[in-house]
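Chemist: Letter by letter, the chains look like this.
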Amino acid sequence: MSIDPLRYICEDPLERKWAWISLILAFVMGGVLGFYALASNLHPPSNVETIDSSRLHLSEEFAEDNLGVKSNPDGSLTITMVAARYGFYPPRIEVPVDTPVTLRMASADVLHGVHVPGTNMTTMVVPGYISEVNTMFTRTGEFSLLCNEFCGLGHDHMWSRLVVVENSAGGQ
Amino acid sequence: MDDTKAAGLGLVNMWVGFIAFLAAAVMGLYQVLERSGLFPDLESPALYFASVSTHGVLMGFVLTTFLVVGFGYYTATTSLKQPLWNRRLAWFGFWLSITGVLLAAVPLLTGQASVLYTFYPPLKAHPAFYIGAALLVMGSWFWCLEMVMMMAVWKRAHPGETVPLAMFGTTANAIMWFITSLGVALEVVFQLIPWSLGLIETVDVGLARTLFSWTLHAIVYFWLFPAYIAMYTLLPKAAGGKLFSDQMGRVAFIMLLVFSIPIGFHHLYMDPFQAAGWKFLHMIGTFMVAVPTLITGFTIIASLEIAGRLRGGKGLLGWIAALPWSNPMVTAAGLGLLMLTMGGFGGMINASYSMNAMVHNTQWVTGHFHLIFAGTTVIMYFAIAYYLWPRMTGRRLYSNTLALTQLWLWFIGMLILTLPWHYLGIAGQPRRISSTPYDAALVQQWDASELAMIMGGFILLVSAVMLVFVLVRTQTNPQREPGMTVEYAEPLHPVLRIPRLLNGLAFWTALVVVYMIASYGYPILQFFLMETHGTTPWSI
Amino acid sequence: MMRLITLCTVMALLSPTAGAEPSSAVAFDSATLKLLADADPARGEELAKTGKCSKCHGDAGISEDPEDINIAGMSSSYIFKQLKDYLDKKRDSRDMYKSIRDLDARQLADLAVWYASLPPAQPAPDRNMDRAVLRLVFKGDPERMLKACASCHGRNGRGGQFDHPALAGQHREYLVLSMNEFREGDRENDIYARMRNVAEALTEKEIKGLAAYYATVVPDEAK
Numbered sequence: 001m002s003i004d005p006l007r008y009i010c011e012d013p014l015e016r017k018w019a020w021i022s023l024i025l026a027f028v029m030g031g032v033l034g035f036y037a038l039a040s041n042l043h044p045p046s047n048v049e050t051i052d053s054s055r056l057h058l059s060e061e062f063a064e065d066n067l068g069v070k071s072n073p074d075g076s077l078t079i080t081m082v083a084a085r086y087g088f089y090p091p092r093i094e095v096p097v098d099t100p101v102t103l104r105m106a107s108a109d110v111l112h113g114v115h116v117p118g119t120n121m122t123t124m125v126v127p128g129y130i131s132e133v134n135t136m137f138t139r140t141g142e143f144s145l146l147c148n149e150f151c152g153l154g155h156d157h158m159w160s161r162l163v164v165v166e167n168s169a170g171g172q
Numbered sequence: 001m002d003d004t005k006a007a008g009l010g011l012v013n014m015w016v017g018f019i020a021f022l023a024a025a026v027m028g029l030y031q032v033l034e035r036s037g038l039f040p041d042l043e044s045p046a047l048y049f050a051s052v053s054t055h056g057v058l059m060g061f062v063l064t065t066f067l068v069v070g071f072g073y074y075t076a077t078t079s080l081k082q083p084l085w086n087r088r089l090a091w092f093g094f095w096l097s098i099t100g101v102l103l104a105a106v107p108l109l110t111g112q113a114s115v116l117y118t119f120y121p122p123l124k125a126h127p128a129f130y131i132g133a134a135l136l137v138m139g140s141w142f143w144c145l146e147m148v149m150m151m152a153v154w155k156r157a158h159p160g161e162t163v164p165l166a167m168f169g170t171t172a173n174a175i176m177w178f179i180t181s182l183g184v185a186l187e188v189v190f191q192l193i194p195w196s197l198g199l200i201e202t203v204d205v206g207l208a209r210t211l212f213s214w215t216l217h218a219i220v221y222f223w224l225f226p227a228y229i230a231m232y233t234l235l236p237k238a239a240g241g242k243l244f245s246d247q248m249g250r251v252a253f254i255m256l257l258v259f260s261i262p263i264g265f266h267h268l269y270m271d272p273f274q275a276a277g278w279k280f281l282h283m284i285g286t287f288m289v290a291v292p293t294l295i296t297g298f299t300i301i302a303s304l305e306i307a308g309r310l311r312g313g314k315g316l317l318g319w320i321a322a323l324p325w326s327n328p329m330v331t332a333a334g335l336g337l338l339m340l341t342m343g344g345f346g347g348m349i350n351a352s353y354s355m356n357a358m359v360h361n362t363q364w365v366t367g368h369f370h371l372i373f374a375g376t377t378v379i380m381y382f383a384i385a386y387y388l389w390p391r392m393t394g395r396r397l398y399s400n401t402l403a404l405t406q407l408w409l410w411f412i413g414m415l416i417l418t419l420p421w422h423y424l425g426i427a428g429q430p431r432r433i434s435s436t437p438y439d440a441a442l443v444q445q446w447d448a449s450e451l452a453m454i455m456g457g458f459i460l461l462v463s464a465v466m467l468v469f470v471l472v473r474t475q476t477n478p479q480r481e482p483g484m485t486v487e488y489a490e491p492l493h494p495v496l497r498i499p500r501l502l503n504g505l506a507f508w509t510a511l512v513v514v515y516m517i518a519s520y521g522y523p524i525l526q527f528f529l530m531e532t533h534g535t536t537p538w539s540i
Numbered sequence: 001m002m003r004l005i006t007l008c009t010v011m012a013l014l015s016p017t018a019g020a021e022p023s024s025a026v027a028f029d030s031a032t033l034k035l036l037a038d039a040d041p042a043r044g045e046e047l048a049k050t051g052k053c054s055k056c057h058g059d060a061g062i063s064e065d066p067e068d069i070n071i072a073g074m075s076s077s078y079i080f081k082q083l084k085d086y087l088d089k090k091r092d093s094r095d096m097y098k099s100i101r102d103l104d105a106r107q108l109a110d111l112a113v114w115y116a117s118l119p120p121a122q123p124a125p126d127r128n129m130d131r132a133v134l135r136l137v138f139k140g141d142p143e144r145m146l147k148a149c150a151s152c153h154g155r156n157g158r159g160g161q162f163d164h165p166a167l168a169g170q171h172r173e174y175l176v177l178s179m180n181e182f183r184e185g186d187r188e189n190d191i192y193a194r195m196r197n198v199a200e201a202l203t204e205k206e207i208k209g210l211a212a213y214y215a216t217v218v219p220d221e222a223k
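Residue numbers (my numbering), protein chains in the order written: chain G, 1 to 172; chain W, 1 to 540; chain H, 1 to 223.
Think of the hints as simulated: they come from the structure by calculation, not from any bench. Treat the hints loosely; a few may be bogus.
As the list claims (entries may be wrong) - With a straight-line cut-off of 30 Å between C-alpha atoms, the simulated DSBU-like cross-links for lysine-lysine are:
{"hint": "1", "chain 1": "G", "residue 1": "Lys17", "chain 2": "W", "residue 2": "Lys81"}
{"hint": "2", "chain 1": "W", "residue 1": "Lys5", "chain 2": "G", "residue 2": "Lys17"}
{"hint": "3", "chain 1": "H", "residue 1": "Lys34", "chain 2": "H", "residue 2": "Lys208"}
{"hint": "4", "chain 1": "G", "residue 1": "Lys70", "chain 2": "H", "residue 2": "Lys55"}
{"hint": "5", "chain 1": "W", "residue 1": "Lys314", "chain 2": "G", "residue 2": "Lys70"}
{"hint": "6", "chain 1": "W", "residue 1": "Lys314", "chain 2": "W", "residue 2": "Lys242"}
{"hint": "7", "chain 1": "H", "residue 1": "Lys139", "chain 2": "H", "residue 2": "Lys89"}
{"hint": "8", "chain 1": "H", "residue 1": "Lys90", "chain 2": "H", "residue 2": "Lys55"}
{"hint": "9", "chain 1": "H", "residue 1": "Lys49", "chain 2": "H", "residue 2": "Lys34"}
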């Protein structure tokens with residue numbers, strides 16, 4: 001239509017064009033992200049599950065003998081880990097490449113964050129809540145899980161190892 | 001006239017801000033030296049994190065609040081040509097805030113509040129820190145009231161007239177700050193203070209972070225507003241031109257008021273206690289809030305082009321060279337706009353929902369906010385200071401050359417400090433670390449960029465010292481220059497009629513409240529509906 | 001007879017599926033914190049007297065035998081956890097179990113706050129400042145994923161929150177003994193194997209060096 005609604009607030013035609021470009025830019029960026037969110041299931045960790053962090057090792061899911069990498073019936077893997085000052089437990093995990101993994105992590109004490117440089121695995125670990133990240137490691141090699149949220153004077157030292165290995169024929 | 005009383009209030013507030021700034025700048029240098037690994041005797045997590053906490057509080061809460069408040073009082077009286085609504089309340093607010101700062105300073109400086117400027121529980125600081133923070137914020141609320149009342153009084157006395165743009169922006173900022181600061185106030189008053197005093201046993205970390213996120217985005221617009229106000233209303237005349245569009249300035253301020261607050265979840269993308277749908281909603285709002293900045297970019301650059309062409313600049317870009325770069329306001333704005341462009345693009349990545357995962361809590365974030373806040377916003381604070389000091393003190397600016405040098409050093413130092421941080425973030429370096437005791441392969445990748453930090457830090461400290469030096473010498477300059485007034489920009493097209501909605505803030509305030517209930521209502525309510533497990537206090 | 005054999009067989013077959021027990025039954029939740037907050041050191045002093053704790057741990061909580069732990073001045077939460085772990089048999093010691101088996105959790109808390117209130121051991125003046133040991137204490141060893149001891153045990157060795165014990169002023173021999181217990185798996189009450197991982201990564205020489213460092217660190221050094 002020839003009537004431009006922005007006329008009411010913007011007299012200059014060039015500036016009006018720019019205002020439209022800005023609005024369209026905002027919507028396009030939002031739209032692209034929305035499209036990928038829905039089409040590729042690309043969402044940040046948002047599972048909203050609670051747990052009592054002060055009794056974490058007495059829980060069922062985060063009991064000491066339940067930590068580590070486990071196979072699921074559909075071929076994916078679940079990695080169950082704990083963040084506690086100042087390390088991630090178990091401190092070394094091994095995962096096959098190109099396999100869907102679900103990381104489930106909980107804090108035994110304070111706020112932590114964890115990311116793995118070279119991958120897209122990242123999440124906050126909030127006491128009172130369970131974090132869940134779904135991803136797949138596409139390169140083999142040695143990676144580090146680093147704590148990226150200030151959790152106390154030992155924060156610098158909080159990290160653990162992730163090793164991504166070739167997929168053996170029978171899986172885990 | 002009453003102008004001098006506001007000048008006093010303006011000066012005192014802004015001096016507090018700049019003194020805090022200088023102290024924090026010194027700490028900044030200590031931090032980059034400690035991080036470099038070149039001075040083993042300096043290495044100490046306890047000292048480092050106490051410094052980072054103090055540096056963050058001084059820069060992010062003290063410099064900013066006092067500067068915005070001081071600038072606001074002076075702008076209100078000079079743009080409306082009206083006395084302060086209630087001098088006593090204004091000073092009361094100032095003293096309340098100062099009390100808060102001093103109360104919080106003691107635990108901060110003695111290592112009992114090394115919880116960083118975001119003070120996320122369950123790391124627990126000394127209760128005096130939280131009480132001090134609450135008092136600082138509440139003191140600023142008196143300023144908010146003052147701004148709203150002054151605009152209301154002026155409108156009653158000038159029915160049908162257009163509210164001066166500088167005041168329109170200042171009052172929009174005041175309303176926005178009041179609404180956004182409620183988040184952190186609720187967190188501090190109902191959770192952190194009673195918890196740190198032992199009156200309640202546990203704190204729900206999810207609720208605390210959600211409430212803090214309510215404040216966390218719009219606070220940066222609280223800081224940024226004076227920079228934009230200066231660009232819209234002080235820069236055009238300083239550059240020798242006119243404001244390209246007064247109306248679009250109002251549109252930008254209104255959009256900032258409406259869209260800055262209900263978008264805080266882009267700070268919580270990686271947190272498990274909020275559902276993805278809410279985060280997506282906040283993402284859309286976050287992209288919308290980029291629009292007023294894009295509009296501002298256009299209007300300001302167009303205004304500068306007018307000034308450049310009026311001064312004889314020809315050709316497509318000839319007007320740039322023709323601008324009066326010897327004017328600190330013009331130089332600061334030019335450098336500020338460059339940093340705004342770079343920082344703004346970084347911000348768009350941070351806002352991008354799933355892509356945020358690649359930069360969350362890495363040094364990219366540190367680089368981003370230093371570039372955009374310490375860069376764009378703070379360089380405009382310097383410009384405001386150089387412009388207003390002669391007018392508030394009645395004395396000549398001590399040295400234009402020193403002022404320009406200081407601004408250029410700040411720009412160069414900021415780029416050297418922040419650009420490597422962006423790289424380090426993508427290379428996986430976490431933020432908020434005092435050393436790098438990680439896998440050798442990772443650390444080797446980072447080494448060169450770490451050294452850049454020290455150079456940036458030194459240059460910035462020199463620049464910070466220069467700023468305070470020039471302001472002190474201006475304040476005590478025997479060469480007086482009485483009668484200098486604030487010359488607000490004239491719009492290119494005189495504003496004959498203005499739509500009511502662009503001349504008042506009541507409707508937009510109501511809209512913000514509705515939008516806030518929609519964006520934050522259930523996400524906060526959920527904590528009271530589901531069974532959550534709070535956390536007891538943890539020491540640092 | 002057949003029923004007995006069947007019963008034993010069934011029990012033997014079922015036990016692996018029963019799931020391993022947690023390494024400690026102690027959690028620092030609100031209930032435990034309340035227990036410790038309400039504990040009375042005077043009652044604890046009484047219990048220490050009647051229980052004759054001083055036989056091994058000394059009158060002031062500082063033991064004469066270097067293989068017995070100095071408990072004076074350790075955090076009450078740490079002492080409580082160890083006592084409860086002994087009582088629950090998560091930590092194996094016939095002597096300790098015998099000493100406390102008739103006590104309840106409240107009394108263990110009383111004992112804990114009593115010993116926590118006593119001044120900690122003063123270390124010997126000779127200090128081990130070997131550079132390799134200092135590096136482990138303050139920087140750790142990234143290659144072995146060893147974090148700095150100071151990160152959990154404090155820059156001055158005075159310990160951290162809850163179950164991160166003080167090491168400064170402890171007996172050298174006791175420290176070596178404890179680390180070896182973690183290494184061999186004889187002591188398993190470090191939740192999530194936090195200390196077992198550390199002890200397994202350290203060499204014997206390093207353990208001795210660290211013990212010598214902590215046994216002589218001045219507790220009130222700059223924090």
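Chemist: Give a verdict on every hint.
Modeler: Tested hints:
{"no.": "1", "hint": "Lys17/G <-> Lys81/W", "verdict": "36 Å, violated"}
{"no.": "2", "hint": "Lys5/W <-> Lys17/G", "verdict": "45 Å, violated"}
{"no.": "3", "hint": "Lys34/H <-> Lys208/H", "verdict": "38 Å, violated"}
{"no.": "4", "hint": "Lys70/G <-> Lys55/H", "verdict": "49 Å, violated"}
{"no.": "5", "hint": "Lys314/W <-> Lys70/G", "verdict": "70 Å, violated"}
{"no.": "6", "hint": "Lys314/W <-> Lys242/W", "verdict": "18 Å, holds"}
{"no.": "7", "hint": "Lys139/H <-> Lys89/H", "verdict": "35 Å, violated"}
{"no.": "8", "hint": "Lys90/H <-> Lys55/H", "verdict": "23 Å, holds"}
{"no.": "9", "hint": "Lys49/H <-> Lys34/H", "verdict": "25 Å, holds"}
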